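**Student:** Here the protein sequences come in this chain order: R and G.
Just so we're aligned: 176 in our numbering is position 176 of the first sequence, and the numbers increase by one with no gaps anywhere.
Just so we're aligned: 1213 in our numbering is position 213 of the second sequence, and the numbers increase by one with no gaps anywhere.
Just so you know, the hints here were simulated from the structure itself, not pulled from any lab data.
Watch out, some of these pointers could steer you wrong.
Unchecked claim - Listed next, the in silico DSSO-like pairs over lysine-lysine satisfying Cα-Cα at most 27 Å (straight line):
1. K57/R x K142/R
2. K57/R x K1116/G
3. K142/R x K27/R
4. K146/R x K1107/G
5. K1203/G x K142/R
6. K145/R x K1107/G
7. K146/R x K167/R
8. K57/R x K27/R
9. K1212/G x K1196/G
10. K167/R x K142/R
11. K1203/G x K1107/G
12. K142/R x K1274/G
13. K1212/G x K1107/G
14. K1212/G x K1274/G
15. K1107/G x K1274/G
This one's a predicted model, so the numbers in the text were calculated from it and none came from an experiment.
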Amino acid sequence: MKTEPAFFENLLEVSLPFTPEVLASLKAGQLVSLSGTLYTGRDQTHRRLCALLDEGKDLPVDLAGQLLYYVGPSPARPGRVIGAAGPTTSYRMDSYTPRLLALGLAATMGKGARCAEVRQAMLAHGAVYLAAIGGAGAFLSKCIKKAELVAFADAGPEALFRFEVEKFPAVVINDLEGRDYYALVAAASRCGK
Amino acid sequence: MREIDSSVIRQVVRDLAIAAAHDLEPDILEALLVARDRETGELAGNILEVLVTNANIASRDRIPVCQDTGTGILFLEIGQEVHIRGDLQEALQEGVRLGYEEGYLRKSVCDPLTRKNTGTNTPAVVHMELVPGDRITIRFLPKGCGSENMSSLVMLPPAAGTEGVVGHVIDRVLAAGSNPCPPMIVGVGLGGSFEKAALLAKKALLRPVGEKNRREDVAVLEERLLREINAQGQGVHGFGGITTALAVHMEVFPCHIASLPVGINIQCHAHRHKEIVL
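Make a model of the complete structure from these sequences and hints.
**Tutor:** Below is the structure:
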C-alpha cells in the first residue's frame, strides 16, 4: 500500500515557528512541509483567549511569532500521540483573529477562505494563512510527533495544545503581499471559460 | 410477532458508530478513486491521492478518517411486525455513547447556548419510520459540521421553477467554497414542507454515491446540476480542477400549490455511513 503520495516530494521544507525571512518568502499557492512547534485552537479556545484579553489578563501562551492551527483532534488511542487531527473551517475564527494577529501571531492554518477584515489584519500585521488538507485527519495524525495540553482542558477537543509536527503538508493561501490563493484559482477558472 | 431486545440494538449502534468513523464504504472509496484518475488539476489530483491514502491509513491503523466524527444521525426503519423489548430510545443513545467512548471518537455535541460539551456525543439525532415487515434497518450517518454548516433551506416561489432551483443550488455550492471539504456530495430535497425538504435532502445522502433517482426527469436534473457545479472550476478543496462535487442526489415529494421548498444538505468527501438490517 502506498503511504506517501507523490506530491510530498515537491514540498518546500520549512521550520516552525517561521523566521521573518521565511514568512516573507512564502507565496500564495506554494506547497510547504512544516516541521517544528505550533499551537492549536478552535472555537472555544478563541472565545476564551479573547475573554482573557477583555479582562486584561495574560494568555496561557505567548502567541507572538507562532502558528495557530485550527483543529479539534479526536482522542488518542493508548500509546498513540494523538487521534485524527485535520483542519477545521477557519471562518468561524474570523471574528477573533484580528485581535490575536495584533499580539504578533504570525500564521494561522485551517481550511476555507478568510473574511476581508482578517485579510486586511494579516497584511497590517505581517501574517500568513495556510490551508491544511481537510478530511485527511488520519494521514495528518502521522505528522504529529508530540501533543501537549497547554490550556482549557475542560473544553475537551477544543483545548489548546502544543504540537511538534514533522513534514506536515500545507498550502499557502494568503501571503504577505496580499495574494489569496483561493481568489487566484477562482479568477483563473473564470478566465478559462 | 418477531422480538428484538433493545440490548441488541444498543450493541449494533455502538459497532456502527465505530465502523463508520474508520472504514469508508466502497461507494465513496470508488468515487474518490474515479475522481483521482479523472482529475486534470495537478494539486487537486494530488490531494485526491492523499484522501485515498488517508482512508487506507484510517482503516488499517484505526484512526478516524476525519477528526470531526460528527453528530450522530440515526435513521431507523422499523417493521410493524417487530416487537422491541426494552427502551429503544435509550438503547440508541447508549449505543452512540459507547461507540464514541470505546472507539476513541471525538465528542462534538454541546449545548447550543452555553456551548458546554455533553461529553458523550449524545444526544444523537434520531429519525424513525414504521414500515411493513418484521425487520429493522438502522443507518448511521455521522455528520461533520464543516459541511453541515454550508447546508440551507429556502422556500422558493413556484414561479422560480426548475431554473430557480438549479440557480439556487449552484449559488449555495459556490458560496460554500472550500469550507465543506469538497469534493462534496450535494443532497437536495425538493418539495414537501419546510421540515420535509430538509429531511429529504439528508436522506438523499444515504443513497449510494452517484446512484441516480429512479424518476427520469429528476435524474436528468441531478446530472445537469453535477455538470454545472463541476464546470465552475472550484474543485477539490477550492484548488481548481473538475471535481467540486462527486454527486448530486435529489429527492422529490409533492408540495403545496403555493410553495417550492428546497433543502440543500452538503456532505464532505469523508462521507461516512453504515447500515445494518436486523
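**Student:** Are the hints correct? Go through all of them and say.
**Tutor:** Tested hints:
1. Proximity of K57/R to K142/R is assessed by CA-CA distance (about 36 Å); at most 27 Å being required, the pair is judged violated.
2. Taking the CA atoms of K57/R and K1116/G, the gap is about 23 Å. The hint holds against a cut of 27 Å.
3. The straight-line distance between the Cα atoms of K142/R and K27/R is roughly 26 Å, inside the 27 Å bound, and the hint therefore holds.
4. As the CA atoms of K146/R and K1107/G are separated by approximately 21 Å, the hinted pair is consistent with the 27 Å bound.
5. Taken as a hint, the K1203/G and K142/R pair is broken in the structure, with Cα atoms around 34 Å apart against an allowance of 27 Å.
6. Annotation: proposed proximity of K145/R to K1107/G holds, straight-line Cα distance about 23 Å (limit 27 Å).
7. Under the criterion of a C-alpha separation no larger than 27 Å, the hint pairing K146/R with K167/R is consistent with the structure, at around 13 Å.
8. Annotation: proposed proximity of K57/R to K27/R is violated, straight-line Cα distance about 35 Å (limit 27 Å).
9. Our distance criterion of 27 Å between C-alpha atoms is met by K1212/G and K1196/G, whose separation comes to about 20 Å.
10. The suggested pairing of K167/R with K142/R holds, with an alpha-carbon distance near 9 Å, which does not exceed 27 Å.
11. About 23 Å separates the Cα atoms of K1203/G and K1107/G, which keeps this hinted pair within 27 Å; it holds.
12. A C-alpha spacing of about 26 Å is found between K142/R and K1274/G, which places the hinted pair at or below 27 Å, so the restraint holds.
13. The straight-line distance between the Cα atoms of K1212/G and K1107/G is roughly 34 Å, outside the 27 Å bound, and the hint therefore fails.
14. For the hint pairing K1212/G with K1274/G, the CA-to-CA distance comes to about 20 Å; that is within 27 Å, so the pair holds.
15. Proximity of K1107/G to K1274/G is assessed by CA-CA distance (about 19 Å); at most 27 Å being required, the pair is judged to hold.
Hint compliance for this structure: hints 1, 5, 8, 13 are broken, all remaining hints hold.
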